[in-house]
Structure formats: structure tokens, C-alpha cells
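> So the chains spell out like this:
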Amino acid sequence: MIRYLAGRIATMLGTLAVISVLVFTIIQLPPGDYLSTTIAELRAEGETQAEEKVAFLRDLYGLDKPLPLQYLTWVSGFVQGDFGYSFEYGRPVAEVIGDRLFLTLILNFVTVLFIYLVSFPVGIYVAARRYGQVDYTLSFLGYLGLATPNFLLALILLYFANTLFGISVGGLMDPDYTGEAWTAGKMGSLAAHLVVPVVVIGISGTAAMIQRLRANLIDELQKPYIVTARAKGLGERRILFKYALRSALNPFISDIGDLLPQVVSGSVIVSAIMSLPTTGPMLLSSLRSQDMYLAGSFLMFLAVLTVVGMLVSDIALALIDPRIRIGRGTA
Amino acid sequence: MSDLLTVEGLTIEFRTPAGTVRAANELSFRVPAGRTVAIVGESGSGKSVTGLAILGLLPKVAAVLGGRILFRDPAAPSGAPPIDLASLKRDSHVFRSIRGDRIAMIFQDPTAALSPLHTIGDQIGEALRIHRGVEAGEARGASIELLGEVGFADPERAFDTYSFELSGGLCQRAMIAMAMICRPALIIADEPTTALDVTVQAEIMQLLNRLQAEHGTAILLIAHDLGVVANMAHEMVVVHHGEAMERGTAADLFADPRHPYLKALLHAVPRLGMNRAERLKPLREIRVDPAAASRTARDRAKGSMQTSVAAGDVFLKVRGITKSFAASQDRRWLAAAPQRALAVRDVSFDIRRGECLGLVGESGCGKTTLSKILVRSEATDVGTVEMIDAGATTDVLALSGEALRQWRRRVQYVFQNPYSALNPRMTVGAILDEPLAIHGLGDERWRRHRVKELLHLVGLDSTHLNRYPHGFSGGQRQRIGIARALALEPELIIFDEPVSALDVSVQAQILNLLRDLREALGLTYLFISHNLGVVDYLADRIAVMAAGRLVEIAPREALFCKPRHPYTQALIAAIPEPDPDRRLDFARLRRDRSSDPASWPWPFGPSDGGEEPHLLDLGGGHYARSFAAPAVDGRVAPALAAVPS
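Chains as they are written, first to last, in my numbering: chain A, 1 to 331; chain B, 1001 to 1645.
Read the hints as simulated data drawn from the structure, not as lab findings.
Predicted model only: the values in this text are computed from it and were never measured.
No residue lacks a Cβ here, since even glycine has one placed at the ideal position from N, Cα and C.
Among the clues, some could well be false.
Below, in silico cross-link-like pairs of lysine-lysine (DSSO-like), each with a Cα-Cα straight-line distance of 30 angstroms or less [said to hold, decoys possible]:
id, chain 1, residue 1, chain 2, residue 2
1, B, Lys1562, B, Lys1317
2, B, Lys1281, B, Lys1452
3, B, Lys1562, B, Lys1281
4, B, Lys1060, A, Lys242
5, A, Lys223, B, Lys1060
6, B, Lys1281, A, Lys242
7, B, Lys1060, B, Lys1089
8, A, Lys223, A, Lys242
9, A, Lys223, B, Lys1089
10, B, Lys1372, B, Lys1317
11, B, Lys1263, B, Lys1281
Covered, in the sense of this in silico footprint (three residues per stretch, anywhere, with C-beta under 8 angstroms from a C-beta of chain A), are these stretches of chain B [as the list claims (entries may be wrong)]:
id, region
12, 1090-1101
13, 1108-1117
14, 1124-1134
15, 1250-1257
I would like the entire structure built from these sequences, with the hints used as guidance.
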């Protein structure tokens, strides 16, 4: 098990290293950089002072150095917690994204939690009562959830949240709290504002997850070992939970790794529409303006999230599935 | 009225979108306490359905239309009326308390019937926990004791293993332990040995017989193999299309079968040491169309004038073939270098023109790998395969390009599973035409003609040309597979377990067909099977493989009369014969894995230095893998010191 873990973590670090090279390369692909566009602008305006500042920055971040060296500077800074400097905002990246990162993490964590908390019981229920009325109704609603465009749903829900509960439209908290210290009121406002985005971002994932769990469970319920369990005299409930669910859990868990990045990237459009102060919209603008360190940090953040999600699901799988735990070592 | 179970007029129907099928029709039989009753029949006869109906485990599409299943539990207070299982609600508490406690079940495929995610100990003890309400610790103790009783060498350790860590035989032992843990009055054993190798099958039969003798458990055996039935059953019911054809004690029925169906079944099974002239009698005989055969044979003579060599000459010379596979699936970059497992180890033999060479061994012994090397679909690590044709020797393993294409024409392959060997999206005509088209033979008209001829050759007719494989039965599909192999007029056809997926009567059809085709077309066969009886029916010489090694090769009479190698002896001793008077000598069966080279005594096993013996000529075309000529003793399967595994 320890060897398995060590192997997984080593693979994870290797993957991250490769991703960092890719991210850096892709950001550098378009001709020029943020500074060259700025210089061009300033020159046109006849500024000279700014040019010195630009030269200072160029020197500081080694933009005149060869690319591999730039990459190394960037990556080594990353490891030490120095994410670089956002040219667009004129502040260090860490400062720019700090709060947003926190809110993004909260939003996504709650969304994933929502997906699992809803889809797990519903999935089990519809599988146990398959081909019944509830199954068909919920499956229909699920497909509806998959098919509805997120932004449409967002607008409708926002309208109702505002008219029925008086929650301010957009954002993740009441505008009064922005920039304030964290108080109970601010937290409450955050929680109230989280509901709509979480539902909107999570609904399609939930529907997909319910369908998947249902299909897996129905598959498992037809396996010979289920007949064995029945022949042993076990009740249906115990067969469902002890045997079928146990096997059907595997895909459920291995999805954690896929779900995280999906939710994060899926939330970009919704965040833009609902003007959520998350990282999504900022990533979009930073990519457009070639604000390389900001964009790079975001992309790496996504990558770390994905890889960590994979690691978590791998470990969870090894814990619940002896075929992975034992099979790997001996077979 | 001492019958434990009485089934009266049981009628079961399957209602599917495709229509209604009656799986059991007015079926009646009884199971006396402490005895074994066999339900015998071919696949689709309704025997498994009956077993499931007794325990209320029928799938939802099946409905019991009528009849009673009366269960008199000997543990119930005397005077209590029997319970009609057919009228019980399947989810009811009463039925659940009978299932697994008073009546238990063993299934065909033990590896699939056990959950891979729970330890076998947990699954065995579970029945005890739910029915007796015992503590986990107590259940553990009882399970471990029972695991020892069913033959686990280290029951303590076995308790915590998972099914995927165990062989099929050990899984079945665990299943039996699970069925026995509550000491049921009746065990329903649905084809308990069908998925197992013959030596393991003998062990499982022995175990079931022993447990019955010790605990007085009645067994309802569901089986198609009359050899297994003869070795276990006291009484039997022969079922055909859901109806009981014949009923009686096993001794009577085997000695004097009355019903034509049972007679036919008995005559369809190949027995060891059958006279060469004797033919199996399938329920429906298919004959090779002599006209078609001779026409093809003529074509053949025309096309291959230069290969006019006498039958009996060596055609293929196989020497020292060794092949290893990576044993570990672990290919991650931190993993140690993968271990290699030898699938085939130093195998040498000849195939002579016009002969049928049988290749016998249990699953995983390397026989299929070996055949794949011969057809060049698998590469070998070491060794040579030479073809001798009119005095010229060709290195088969070095062939490439056009020469390799020509080799593929000469050697064809027939697969085990006729259901997956034919492309379901191609018509039969297209399937048979494909090899001709690939090799660019003839024009379209000639090919159409040839395809029809091939169909006639295997007893199908040209109305079948435009149908798809799923419209055919297993036996018919296998005939299509054979016709496809014949299309290119090969010299050698390799059959890899061609009849093991088929029912006995269909098996007899195919075996007769293969015999006739060989005679009519002068073909050479390499016939691979785990079933010695089947091999014996067709083969002139038989080669025996175990653990990747070719341990013995001899003319068939010599192999059966004087088997020299301990593995061959164990194999022959384990074959159940469909004759209750000639039951297996279970006492002589070896408890350990007889295919493990470490268990073979000197001069057969590897030396202390790990050196392996080679094939040794014993005269008369008899070879055994041995360091020295073994003493000839008349005994089959001498009692060898059991080596704990």
C-alpha cells in the first residue's frame, strides 16, 4: 500500500511538471508578451518614465532571458509560493487572486458536495425501484437537467431568489460586505448567495451522476454473486448495500478526479453571467491580455486540483477495492 | 413419506418481448433425504430454471404457472405440514429463513458467484450470522473450521483471502463451505464442476460425496455431464424441453435406459477406449456430402500436385518452443522489472501428414499459446518450427510476406467459442467468402460456387447463405467456423476446444463431422481439448501438456493403457465415466495440484538444481518427459506422497 501511494504521488508530481511546461509553452506561443504591447502603447503616448518601469520589470522577471531560463524562474518561484506579478493589475498574482481563490474553492467544494449528496441517495433509490414510476420521473427530470443550458437556469433561479427571498442579484455576497472583514453576517450572506450558483453549476453533474450510479447498480444487481447472496437468504436491502453498492461505488469514486476540473471550468460561464468573484472570469481576461503569470497561475491551480482529485480517488479506490489493493502487488 | 423435497407438476414460463417460452412443463420429481438426485438435460432443457424456482430465485420475467414444491424440513417439529415453496412470497421472511439455511445452492462459475470485494470468510460466515444470529467471532471460528473441512490447506489464511486470489477449484470449495455452513437439509448444485478442470472436477465430486456421507445432506445435482451424474447421483430425472422424460435410480437408468432421449444422450458421449470403428450417435446425424467432398478433393489434387507426399511423413517439426509473458500487469514507471512467466517451456513434437494429433491439458497449461505460435499469431522466445514438404525444409517462424501468406493458407484455425468467432455483422456467405477474397482466389462466380460447396460440406445448405450468425445454434455456428477453415483447402487445421461450448448431442455431431471430413479430404488435425474422451475419439496420437511442458506423447492406445507420467496418470484417473458401476476411485485421487511440476516425483520432476528433464524415448513412439525410463507398472495413478500445497 505504501509503495502504491509513493508511486501515485511520484506520478502526480511528474504529471504536474509536464503540465507546467505545457502551460508555460502555450502562454508563450502567441507573438510578443504583455510588456511589449504595453511599451508600444506607451511609446505612442510619448511616455518615457513608464518605459523604465517596464525595463525594470523585464529585468526582474527575466523576460529578455532565454525561454527555458524564464520557465525555471517561474517554476521555482511557484514552489516557494511566489506566483509572479500580474502586469494587468500591477500587483503580485498572489494578491490579485487570493480572495478569489478562496471563494472559488468554497464554491467548487460545495458544488461537488452537492452533487454527491443529492445523486448518491437518489441514484440508489431509482436503481432499487428501477422501471417504476419514481425512476421514470426522476430520470426524466435528470435528462431535463442535463439538457437545460446553465446560464438560462442561472437567470431563472436568480430572478426567483431575488423576488422570493430578497437575495441580491449576482455576486457571492451582499455588495455591502465586499472588502469587509469576515463576520457572521458576511458568512450568512455568502451561504445564501451560494445556493443558486451551486445548484446551477452542479445540476448537470448531479443528473449525470445519478444516471451513472443507477446504470452501475442495475448492472451489478444482475451479476451471479448477487444471486449467490440471495440464495444465502439475505434481504434485498442488505444485498443492495453490502454487495451491489460496494461494486457500483468504483466509478462513483473515480469520478471525483474528473468532476473537480469539470466543475471548475464549467463554472466559468456561469460565474461570468452571475458576476461571481471567482477565478473563472479573471482567467478568461488574463488569457486574452497575455497576462502570463496570472494566467499561468490559474492554469496550474486547475492542474493541481485535477491531479489532487485523481490522487484522492485513487487512494479511496485502493481503500475500498481489494482487487486494486492486493491485485497490483501480486498478480 | 420420507421425501425431503417433492416437486409436483411444476410449470414455469418466461415472458419476454420475443415471446413466451415454457421452461418447465408439469415437471415432477422427488429428493429423498440424504440422497443425491440428478436433473439431467442439455442446455435449455429447463434444469437450471427448476433449481432456481425451488429457492424462489427466478428472474422477474419468469412466472410459476402451476405446481407445488413441497419441502419437509427434517429440523421442523414432527407433524408440521410441509411448506409449499412455490406458494411462498419470494421476499417473505419464511422463504428467506429457508434460503441459505435449510436449502443452499452452489453455482456453476465459482469465480463469478463470489463477490470479489468481500473476503471469502466474510461471505461464508454471513449465512451463519443472519440465520443464527451468531457473533462475528463465532462465525469466524465456524467458517475456518469448515474451510479446513472442504480442503483448504491453511484455513486461517484462507478466511481473509479474496476470490480473485484463488483458483477456480478453491473458489468452488469456498462456495461449498458457504452452502454447508448452516448444515442445510438440501444443497442444490447447479453444474458445480462444469467450469473446472477434470482433475479439479474429480476433487469437487469427491468432496460433495464425502460431505453428504458425513452430514446426511441431500443434493439436487443439476448437470449435463453423464459422467459426473454417474459418479454422484443415486437417482436421476432426465429433462428435455422442460418435461421429465425418464425417472429412476441412476443404476437402473444407466444400465437400461428406456427413453430414446436418454439412450441418445448416452450414445452421444465419447468414452475412453472406444473401438475405432464405433461411431457416436448424435440425436440428429449430419453426413458429409460425399459428392461435395470428392469434388473438393479433386480440386485439391489439381492445385497441389507438387505436394504429393505420403501420409505418415512428418509435416511439422516443432522443437524446443519456449514462450514467456510478463506475469505482472504492473507497468507503472516505479514498478520493478516485470516478472516473466513461462507459458510454454521447451516443447518439441512432430505433426505427421494425415494424422490427428490430440493435445490435452488443463486450462492455462499453454496449449492455446502453443497453437498460436504454430499459426504465427504469437512469436516464440526460443525454438523452431519447420515444415517438411517434398523433402524441402522450410523455417516457418522465419516466413514473411508472400511466403507467410501461403503458410496461412496451409494452416487454418477453428476456435472454441462459436458465438464470438463469427462476426455478427456479416452474413454466412460473406464469412465464408472472406478467406477466398483475402487470398484473391478465383473470380466472383467461382467463389460463390465454392461457398455453397463449403456449406454442403458441413451439412448446411445454400438457403443459409444470407442469414446472420445469430440465427444459428451453437452447433451450426461451429460448423460455419469449420467451413471457413476449410475454405482455403488447408493441409493442417488446428482445433482449439471446438466442442467444449456445445451440448453432448451437438458435440457428437461435430466430432463425427470432423472424422468424416478428415477421411474425405485427407486433412491433418491438431486437436486441442481438455476433455480426454473427446480427444481419444478423434486422435491417433495424444500429447499431454501440464504447466507449459509437454509431459508425454504417445499413440492413443499406449497413452491410455500405459501412461507413464504422473500427470497423465492423474488426468486419466480423474475422468468420470457415464457408468455408475465404474465410479472414480476417489481414494486414489491426489489431493494436491497434480499439474504442479514440484509434485512430480523423480525422475519426472525438476532436479534439486532446478534442471528440467527432456522428452525421453520409451520406444513405440511413446515419449515422456523424464530423466530416466520409468518402471512400467500396471497401476494407473499410483498413490504418490501428497505434497501440501
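> None of the hints should be skipped; say for each whether it holds.
Going through the hints against the structure:
1. Lys1562/B with Lys1317/B: 25 angstroms, holds
2. Lys1281/B with Lys1452/B: Measuring from Cα to Cα gives roughly 27 angstroms; hence the hint holds.
3. Lys1562/B with Lys1281/B: The hint holds at about 29 angstroms.
4. Lys1060/B with Lys242/A: Roughly 22 angstroms separates the two Cα atoms, so the pair holds.
5. Lys223/A with Lys1060/B: 14 angstroms, holds
6. Lys1281/B with Lys242/A: The hint is violated at about 50 angstroms.
7. Lys1060/B with Lys1089/B: 13 angstroms, holds
8. Lys223/A with Lys242/A: 14 angstroms, holds
9. Lys223/A with Lys1089/B: 22 angstroms, holds
10. Lys1372/B with Lys1317/B: Roughly 15 angstroms separates the two Cα atoms, so the pair holds.
11. Lys1263/B with Lys1281/B: Judged against 30 angstroms, a Cα distance of about 10 angstroms means the pair holds.
12. 1090-1101: Coverage by chain A holds for the region 1090-1101 of chain B (7 residues, Cβ < 8 angstroms).
13. 1108-1117: Holds, because 7 residues of the region 1108-1117 of chain B bring their Cβ atoms closer than 8 angstroms to Cβ atoms of chain A.
14. 1124-1134: Answer holds; 4 residues pass the 8 angstroms Cβ test.
15. 1250-1257: Per the Cβ count (0), the hint is violated.
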